[in-house]
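Enquirer: Residue-level listing of the chains:
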Amino acid sequence: MQATTTYKKAFIVLTLLFLLSFLLNVSLGSVSVPFDAVISALVGGDVAKETWRFIILEYRLPKAITAILAGGGLAVSGLLMQTLFRNPLAGPFVLGLSSGASLGVAMVILGAGAFGGFFGGTLVSQWSLVVASALGSFLVLLAVLAVTLRVKDTMAILIIGLMFGSVTAAVVAVLSYFSNAEQLQQYVFWSFGSLGNQSWPGVSILTACSIIGISISFSCVKSLNALLLGENYAKSMGLQIKRTTLGIILATSILAGSITAFAGPIAFVGLAVPHITRQYFKTANHLVLLPAVLLCGAVLLLLCDTVAQLPSSEYTLPINAITSLIGAPVVIWLLVRKRKLFF
Amino acid sequence: MKLKNEHSVLTAKDLSIGYPKKSENTLVASQISFSLPQGSLTGLVGANGIGKSTLLRTLTGMQSPLSGSVQLGESDITSFTPFQLANQLSVVLTEPPASKNLSVIELISLGRQPYTNWLGTLSTTDKKAVLDAMEATETRALAHRKCFELSDGQLQRVAIARALAQDTPIIILDEPTTHLDLYHRAYVLKLLKKLASEKKKTILFSTHEIDLAIQLTDTLLVMAPGGTFFGEPCQLIEQGLFDGLFPKETIHFDKKTVRFSIKK
Numbered sequence: 001m002q003a004t005t006t007y008k009k010a011f012i013v014l015t016l017l018f019l020l021s022f023l024l025n026v027s028l029g030s031v032s033v034p035f036d037a038v039i040s041a042l043v044g045g046d047v048a049k050e051t052w053r054f055i056i057l058e059y060r061l062p063k064a065i066t067a068i069l070a071g072g073g074l075a076v077s078g079l080l081m082q083t084l085f086r087n088p089l090a091g092p093f094v095l096g097l098s099s100g101a102s103l104g105v106a107m108v109i110l111g112a113g114a115f116g117g118f119f120g121g122t123l124v125s126q127w128s129l130v131v132a133s134a135l136g137s138f139l140v141l142l143a144v145l146a147v148t149l150r151v152k153d154t155m156a157i158l159i160i161g162l163m164f165g166s167v168t169a170a171v172v173a174v175l176s177y178f179s180n181a182e183q184l185q186q187y188v189f190w191s192f193g194s195l196g197n198q199s200w201p202g203v204s205i206l207t208a209c210s211i212i213g214i215s216i217s218f219s220c221v222k223s224l225n226a227l228l229l230g231e232n233y234a235k236s237m238g239l240q241i242k243r244t245t246l247g248i249i250l251a252t253s254i255l256a257g258s259i260t261a262f263a264g265p266i267a268f269v270g271l272a273v274p275h276i277t278r279q280y281f282k283t284a285n286h287l288v289l290l291p292a293v294l295l296c297g298a299v300l301l302l303l304c305d306t307v308a309q310l311p312s313s314e315y316t317l318p319i320n321a322i323t324s325l326i327g328a329p330v331v332i333w334l335l336v337r338k339r340k341l342f343f
Numbered sequence: 344m345k346l347k348n349e350h351s352v353l354t355a356k357d358l359s360i361g362y363p364k365k366s367e368n369t370l371v372a373s374q375i376s377f378s379l380p381q382g383s384l385t386g387l388v389g390a391n392g393i394g395k396s397t398l399l400r401t402l403t404g405m406q407s408p409l410s411g412s413v414q415l416g417e418s419d420i421t422s423f424t425p426f427q428l429a430n431q432l433s434v435v436l437t438e439p440p441a442s443k444n445l446s447v448i449e450l451i452s453l454g455r456q457p458y459t460n461w462l463g464t465l466s467t468t469d470k471k472a473v474l475d476a477m478e479a480t481e482t483r484a485l486a487h488r489k490c491f492e493l494s495d496g497q498l499q500r501v502a503i504a505r506a507l508a509q510d511t512p513i514i515i516l517d518e519p520t521t522h523l524d525l526y527h528r529a530y531v532l533k534l535l536k537k538l539a540s541e542k543k544k545t546i547l548f549s550t551h552e553i554d555l556a557i558q559l560t561d562t563l564l565v566m567a568p569g570g571t572f573f574g575e576p577c578q579l580i581e582q583g584l585f586d587g588l589f590p591k592e593t594i595h596f597d598k599k600t601v602r603f604s605i606k607k
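Going down the list, the sequences are from chains A and B.
Just so we're aligned: 297 in the numbering used here is position 297 of the first sequence, and the numbers increase by one with no gaps anywhere.
The number in the numbering used here is simply the position in the second sequence, starting from 1, with 343 added.
Only chain B is shown next, with the shape it has when bound in the complex:
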């Protein structure tokens, strides 16, 4: 399938993640291997505390792996300078912007920082990229609103627009659907799907919306107590992976309806 045809943009090889300590390393998860092809949408799911954030931090170069490697294209992530990395990979974090006084267009324009001069003035190319990002995320009407005037759903779209403006082949999002209602959760995920297929972005996002992720993503990365698994959603369902994701006495996964339910 397309997994084999297109070259992979983001690859993890036998990755162990965690936190180095003086005496003994704190291992969070190990033996993580996957490769994301260009233009694919991948969801990262798993229970709270299983290490999703640590994995994302490792994949974005914010912390180093305990062992194994992360590769962007052909080169190891450690060989990139922060500036070069900013040209490869953009992020959407769970934290809101520190200053709520930023207007939407100012915030999205900040995504052009890796390309602008020392004063950060925008060239015509930069302005066009900002405009395109706003078009794609339907945030143009919000351009001159301040961040404190936005709803959570709008703020999330603006954050995605900023990442788009940064114009990187890879976008990594940390729980982009938290705090959103069902409609906006679906909206954000469909937006990501569209960006992956139309703009050929390689997108990885962590989420707790496993049912939505199963429906929309090309591939899933599942962090379970028994290990980390990677594959297409239907394959993973076949393997019975979601049954063991949460304690069985509380949560039940129904393969036919692809839904989780609470055991009474």
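Excised from the complex, chain A in its bound form:
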């Protein structure tokens, strides 16, 4: 079709922006490391100080990769959900995945108080949070898939997802009521989301999950485009709605579930990035939108994480606060300027 050249240009700009924000993200942090040392650490050359190399390779690089995967993955699942439910308000967590994850984590952290020190120590390790969160989202995924197979109406799936969210929030509230301050603080910190403190094995598991999720998303591109006309038109063009719905939900669950497991419930990116992307790529074609959203999400989360680091200070602000602080004004500005919500 037309405009392939303009898309090419936009993609080149976006890729450059991506590389830039990646380098920026890796170069800045609480410890200042000279830029040439950052580069040589990344390409495996000699670094003046061993601590610098350690900081770059064992802390900042896994964090940056997590930011890329989480930003891209959440944005893609947001796009999938918005198209599936034909609702611009949908995001990666409308199916209740983050609620499932938070329930899992709440069970481990807060449940320790409620059920009387079952897990021994008061503070819980990173890995048990990952497992609990993954388990929580997986159970919700199974529930949603079971519902999808029974319910005919896509909107009903949306409502049922919201109901799952309410139920889990209620359980978490009950658990919180019986917990002590320390446990509550740990739970609240988890719910802020965090990209740091990732181990390389963790990052590789997240990478594998992201690749699977994104591959399934790409295999749905044609069906997603058909859904832009509505379910009845899609059916009339030979689309098998149930199979498509299952594929889209599976991709979203794998992406959003694994990201929540490792980085916590990162809000906003999944909802906002598809809208930001649609403003620049003036198309509804998922073949263009999907890679664009992937890159945009990665860029946004990399930049947000760079800000959250508060360069040259010891503080790291909660990533969830930063994504909304930066993202919300951007979305408002875009919508006011264009006076039109593209969907």
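Any given hint might turn out to be false.
[Stated by the list, open to error] Chain A residues, not near chain B, derived (Cβ > 10 Å throughout): (1) Thr-51; (2) Cys-209; (3) Tyr-233; (4) Tyr-280.
[Unchecked claim] Here are a few chain B residues that face chain A, going by a calculated C-beta distance under 8 Å: (5) Thr-403; (6) Ser-442; (7) Glu-449; (8) Ala-529.
[Stated by the list, open to error] With a Cα cut of at most 27 Å, we get these calculated BS3-like pairs of lysine-lysine: (9) B:Lys-489 - B:Lys-443; (10) B:Lys-470 - A:Lys-282; (11) B:Lys-471 - A:Lys-235.
Rather than coming from a laboratory, the hints here were simulated on the basis of the structure.
Note that the structure is predicted; figures quoted are calculated from it, not measured.
By construction, the Cβ of each residue, glycine as well, lies at the ideal position given by its N, Cα and C atoms.
Following the hints, complete the assembly by docking chain B onto the known chain A.
Expert: Showing chain B alone in chain A's frame:
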């Protein structure tokens, strides 16, 4: 006449339509029989709630008949997979596209989905079909406009272009003239007439524009409280079918002028 010469593309045999329920089926209409030859334009008329949409849904395979059969060419519609059906039959629905962010050319290109690869990329044949569809519906000038920028009349032409791009022998339209002014109603119906005669499409559309339909269609399918009738417009007028279409105390049909009028 040509009804006998050309083979029929869409046939209904003793069709009963409605909704299956556990205890008792909800029957909407029964004993519907007709056959549409290739290249014919047929209007489906009847009062609100008489079952036009249910009939169209049954004819497009979106719901199954309670009894009787729908045949495409020689084979029963139930023997088609959704994909095979998409090669036989395209639709224009009353609902607008879910995404208004689609550009006209993107929307029309979606009609090529039954033919494109897994990514939906368009081949030269696909592009030509899209272009032809735009030519036929005079939508080429709109190609890069977004759906939210279009008027109802333009949107209807684009929807018809998408169905044309799907390149099926049969096109079924659900009330393609609603929301349109008199000029655009006539324009759309004349366009359908042209597509039927020039492109040899078999077209069935439901409508409330009975006077326009009487003037333009080859055959009419009339759903009345007393049953469903099929025939050429003049025959049906002769039979006095339109007199009983609406309650007589409110609507009067004048055979000579072929017009409905409101009784005062």
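Enquirer: Quick one, are B:Lys-470 and A:Lys-282 close enough, alpha carbons at most 27 Å?
Expert: holds (20 Å)
Enquirer: Since A:Tyr-233 was said not to touch the interface, does its Cβ keep a gap of more than 10 Å from each Cβ of chain B?
Expert: Violated, because the least Cβ-Cβ distance between A:Tyr-233 and chain B comes to about 6 Å, which does not exceed 10 Å.
Enquirer: Given B:Ser-442 as an interface hint, is the shortest Cβ-Cβ distance to chain A below 8 Å?
Expert: holds (4 Å)
Enquirer: Examine each Cβ of chain B, and state whether all of them lie more than 10 Å from the Cβ of A:Cys-209.
Expert: Consistent with the label, A:Cys-209 stays out of reach of chain B, its closest Cβ about 23 Å off (over 10 Å).
Enquirer: Could you check that no beta carbon of chain B comes within 10 Å of the beta carbon of A:Thr-51?
Expert: Holds: least Cβ distance 48 Å, greater than 10 Å.
Enquirer: Given the hint that B:Lys-489 pairs with B:Lys-443, test it: the Cα-Cα distance must not exceed 27 Å.
Expert: It holds: about 7 Å lies between the C-alpha atoms, which stays within 27 Å.
Enquirer: Tell me if the straight-line CA distance from B:Lys-471 to A:Lys-235 falls inside 27 Å.
Expert: holds (24 Å)
Enquirer: Please verify that hint: B:Thr-403, Cβ, nearest Cβ of chain A, below 8 Å or not.
Expert: holds (7 Å)
Enquirer: Quick one, is the B:Glu-449 hint okay against chain A at 8 Å, beta carbons?
Expert: Since chain A brings a Cβ to about 6 Å from B:Glu-449, closer than 8 Å, the hint holds.
Enquirer: Take a quick look at A:Tyr-280 and tell me if its Cβ sits farther than 10 Å from every Cβ on chain B, holds or violated.
Expert: Answer for A:Tyr-280: holds, closest chain B Cβ roughly 13 Å.
Enquirer: Hint validation: B:Ala-529 versus chain A, beta carbon distance must be below 8 Å. Holds or violated?
Expert: The hint is violated - B:Ala-529 has no Cβ within 8 Å of chain A, the shortest such distance being about 26 Å.
Consistency note: the structure conflicts with the earlier hints numbered 3 and 8.
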